[in-house]
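**Student:** These are the residues of each chain, in order.
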Amino acid sequence: MRSLVAREELLLVGNPNAGKSTVFNKLTGGHAKVGNWHGVTVGALSRSTSLGGTEVTVSDLPGIYSAEGGLEERAACDYIRTHADASVIFVAECATLPRALPLFYKLSQHRRCALLLTKKRQFERSGGFLREEELSRTLGVPVLLAEGKSGKRLRAELGALLPLPLARVGRSAGDCYRAPAAKLSRTDKLLINPLFALPLFAAALLFAFFVTFAPGMPGEVLKRLVEGFFTETLSAPARNIPSPVLRGFVADGLLKSLGGVFCFLPQILLLFFFLTLMEESGLLSRLAMLADGVFSRLGLNGRAVFPLLMGFGCSAAAILTTRALDDKRIQRRVILLLPYISCSAKLPVYLTLASSFFDNPFPAVILLYALGVGLAFAVALFLKEPSPPFAMELAPLQIPSPLFVAKALFFQLRQFIIKLGTVILAFFLFSWLLSSFSWDFTYCAAEKSMLAGICGGLKYLFAPIGCCDWKIAYAALSGLVAKENVAGALAMFYGGFPYPAASAFAFSVFLLACSPCVSAIAASARELGWRSAIRNALVQTASALLLSYLVYFLLTGGGVYALFALPPLAALFILGKKGIEKIRRRRTRFAQKLHR
Amino acid sequence: MKLTELKVGERGIVRSVESPLGGKLRALGLCEGETVEMLAVSPLKGMYLVGAGGIRIALRREAAECVLL
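Listed in order, the protein sequences are those of chains A and B. Counting with this note's numbering, you get residues 1 to 596 for the letters of the first sequence. Counting with this note's numbering, you get residues 1001 to 1069 for the letters of the second sequence.
Check the hints yourself; a few may be wrong.
[Unchecked claim] Here are the computed lysine to aspartate or glutamate pairs in the EDC-like style, where the Cα-Cα straight-line distance is at most 20 Å:
| # | chain 1 | residue 1 | chain 2 | residue 2 |
| --- | --- | --- | --- | --- |
| 1 | A | Lys183 | A | Glu393 |
| 2 | A | Lys189 | B | Glu1034 |
| 3 | A | Lys120 | A | Asp78 |
| 4 | B | Lys1007 | A | Glu133 |
| 5 | A | Lys578 | B | Glu1037 |
| 6 | A | Lys189 | B | Glu1037 |
| 7 | A | Lys183 | B | Glu1062 |
| 8 | A | Lys26 | A | Glu9 |
| 9 | A | Lys120 | A | Glu447 |
| 10 | A | Lys384 | B | Glu1062 |
| 11 | B | Lys1002 | B | Glu1032 |
| 12 | B | Lys1002 | B | Glu1065 |
| 13 | A | Lys328 | A | Glu147 |
| 14 | A | Lys106 | B | Glu1010 |
| 15 | A | Lys189 | B | Glu1032 |
| 16 | A | Lys26 | A | Glu147 |
| 17 | A | Lys183 | B | Glu1010 |
[Stated by the list, open to error] Distance windows between CB atoms, simulated:
| # | chain 1 | residue 1 | chain 2 | residue 2 | range |
| --- | --- | --- | --- | --- | --- |
| 18 | B | Thr1035 | A | Pro165 | 33 to 43 Å |
| 19 | B | Val1008 | A | Pro165 | 43 to 53 Å |
| 20 | B | Ser1016 | A | Ala181 | 34 to 44 Å |
| 21 | A | Leu198 | B | Val1008 | 16 to 26 Å |
| 22 | B | Ser1016 | A | Ala156 | 41 to 51 Å |
| 23 | B | Thr1035 | A | Gly216 | 48 to 58 Å |
| 24 | A | Leu538 | B | Thr1035 | 49 to 59 Å |
| 25 | A | Phe229 | B | Val1008 | 49 to 59 Å |
[Unchecked claim] Just so you have them, the derived chain B footprint on chain A, three or more residues with Cβ under 8 Å:
| # | segment |
| --- | --- |
| 26 | 142-149 |
| 27 | 391-398 |
By construction, these hints were calculated from the structure, which means they are not laboratory data. Here the structure is a predicted model, which means the values were calculated and not measured. From the three backbone atoms N, C-alpha and C, an ideal C-beta is built for every residue, glycine too.
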């Protein structure tokens, strides 16, 4: 006789930054992204686990302030409505319980539910007071604490409560709860003072870049070690392979390509380390508040800081986090800006190109990053619309947990290795085959290969920057799959960059401004639709080519002539902006006519 | 009086929230009857940081002007 296993569905619901994803990870052993920021979780994440002998599907939903909120909030409420039989675990921070209770009351009607409280230590340190047992009696639902409990213990406690009781949730916490004072600490007063905080943030970012890229610094030292491992330790035995085809594949292809990408892993991890520290400590929240003044002049708001900073890590992930932006128009514009923010995948390419000319590539790399940010701001100005009213909650300041930071880095390391072992390796194998064999499948030099034939036509696109070369065209094309492939392709063909510095810089500018990789295009299509995503990618690539031509022209002595080009360029900018405003006004009038 | 007229350290009780962001502000904690305290004002008066029931909310001038005390 088969035993029946009870099945349950639990929805983790609550305000943003309440700790739902942390609870999800504890209950399921999952790896939902967590962070000290409102809007980290985008989209529902579900996973099965066993709680007290019951098979349970736990779903982590994006944070909700109210059912009438932004894109993600409405999506989360729709999810709750369509899963009418699911039980609700309302996750709330102790400090924000009074705000959360009206939402809990609304969502828990005619549902099985429980209340899970987080961040109690912080709440008590700031002067708050709470008695859980009394709260449970007052509210009429089981109340659990999440802090300081292992996943196993939390699963056992929750499992013992299943099935959860039908709610008769009270609206108020009564006398068993006292809110902490909202006073600002001395540190907080400094961190929201722009005269102190903005230079501090700028210094922190510069420090992060310095430690990651500068010669003699940990990032660069680790990179050399990894590089040496591939070029010396592994290459030496590979050179003794008797078969020329296999030797070419392993020594000249595989090790060069993979090594050319893998050696940047320490620097990528360092960059993610600093980003994680900023996010987890609550500094990002304060930066968003300070940056709102500038961002509002660009037609954006301070919350755009998070996806833009995430863009330094990964464009695709950054595009997904734009869902947390309340306004669809702002979301669309931020997605258009993100390709100009140099992601970590472009870092190997910049370093490969800069290292071909400079012993210290640090200033060149910083210049490219700064240029990317400048371009993003220019595009934001070009597309500017009036910014709607804006409000946000300030995340608490906290010391990042070393365990949390280590887990976040491990997750990034795993993602990188998976990408290296799948997409990049597959692309390398594909490109090595095409570049080593002719159309009649004879092993040949690269110039006579299938790849040379396919990319032969594209090389003329790069003639104006002094590198009319099918290998450069191929390297640029390979960046569409993954930007790291550009470094791998250059390493495979040249070991560096064989053209003058002006061409290298112009090529870097092209890579900086062109379409992002297919992952980012797919993420963009999810938010904006495929037509918009592909159109944006084509426009970005075309404008990137033109920009690279202009940069090369300026660097090769055309600077004087550029002075004459400035007025028509400025006129083009203004006319283009007026054209876009005209199109918007026509669309608004059309939409108004439709609604009458 | 408007929320923007509160000086840093001063408190007030929210009388009404007349803003396109009204639902969001109420959900954040700026409800009618709630006591708010002005915690900080950015130098160019672009952003106002208020405390309400243990929560810190940063809001732009246009949104803060719609909160009446």
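**Student:** For every hint, state whether the structure bears it out.
**Tutor:** Here is what the structure says about each hint:
1. Distance restraint check for Lys183(A) and Glu393(A): the Cα-Cα separation of roughly 15 Å lies within the 20 Å cut-off, and the hinted pair is therefore satisfied.
2. About 23 Å separates the Cα atoms of Lys189(A) and Glu1034(B), which puts this hinted pair outside 20 Å; it is violated.
3. Distance check on the hinted pair: Lys120(A) and Asp78(A) sit about 30 Å apart at the alpha-carbon level, beyond 20 Å; violated.
4. At roughly 40 Å between alpha-carbon atoms, Lys1007(B) and Glu133(A) are farther apart than 20 Å, so this suggested pair is violated.
5. The straight-line distance between the Cα atoms of Lys578(A) and Glu1037(B) is roughly 43 Å, outside the 20 Å bound, and the hint therefore fails.
6. For the hint pairing Lys189(A) with Glu1037(B), the CA-to-CA distance comes to about 15 Å; that is within 20 Å, so the pair holds.
7. Straight-line distance between C-alpha atoms of Lys183(A) and Glu1062(B) comes to about 24 Å, which puts the hinted pair past the 20 Å bound.
8. A C-alpha spacing of about 16 Å is found between Lys26(A) and Glu9(A), which places the hinted pair at or below 20 Å, so the restraint holds.
9. As the CA atoms of Lys120(A) and Glu447(A) are separated by approximately 66 Å, the hinted pair breaks the 20 Å bound.
10. The suggested pairing of Lys384(A) with Glu1062(B) holds, with an alpha-carbon distance near 18 Å, which does not exceed 20 Å.
11. As the CA atoms of Lys1002(B) and Glu1032(B) are separated by approximately 13 Å, the hinted pair is consistent with the 20 Å bound.
12. A hinted pair counts as satisfied when its Cα atoms are at most 20 Å apart, and Lys1002(B) with Glu1065(B) qualifies at roughly 6 Å.
13. Our distance criterion of 20 Å between C-alpha atoms is broken by Lys328(A) and Glu147(A), whose separation comes to about 36 Å.
14. A threshold of 20 Å between alpha carbons decides the hint, and for Lys106(A) with Glu1010(B) the separation of about 33 Å lies outside it, so the pair is violated.
15. Restraint check for Lys189(A) and Glu1032(B): the C-alpha separation of about 27 Å exceeds 20 Å, so the hint is violated.
16. Taken as a hint, the Lys26(A) and Glu147(A) pair is honoured in the structure, with Cα atoms around 11 Å apart against an allowance of 20 Å.
17. The straight-line distance between the Cα atoms of Lys183(A) and Glu1010(B) is roughly 12 Å, inside the 20 Å bound, and the hint therefore holds.
18. Between Thr1035(B) and Pro165(A) the beta carbons are some 34 Å apart, a value that agrees with the proposed interval 33 to 43 Å.
19. At roughly 46 Å, the beta-carbon separation of Val1008(B) and Pro165(A) lies within the given 43 to 53 Å, and the hint holds.
20. As the Cβ distance of Ser1016(B) to Ala181(A) is approximately 25 Å, the hint placing it in 34 to 44 Å is violated.
21. A beta carbon spacing of about 19 Å between Leu198(A) and Val1008(B) agrees with the range 16 to 26 Å that was offered as a hint.
22. The hint said 41 to 51 Å for the Cβ distance between Ser1016(B) and Ala156(A), and at roughly 48 Å that hint holds.
23. Taken as a hint, the range 48 to 58 Å holds for the pair Thr1035(B) and Gly216(A), whose Cβ atoms sit roughly 55 Å apart.
24. Checked against the given bound of 49 to 59 Å, the beta carbons of Leu538(A) and Thr1035(B), roughly 55 Å apart, stay inside it.
25. Between Phe229(A) and Val1008(B) the Cβ separation comes to about 57 Å, which falls inside the hinted range of 49 to 59 Å.
26. Closer than 8 Å: that is the beta-carbon criterion, and the segment 142-149 of chain A has 0 residues meeting it against chain B, so the requirement of 3 is violated.
27. Evaluation of the coverage hint for the segment 391-398 of chain A: fulfilled, as 4 residues show C-beta separations to chain B shorter than 8 Å, against a requirement of three.
Checked against the numbered hints above, the structure breaks hints 2, 3, 4, 5, 7, 9, 13, 14, 15, 20, 26 and satisfies the rest.
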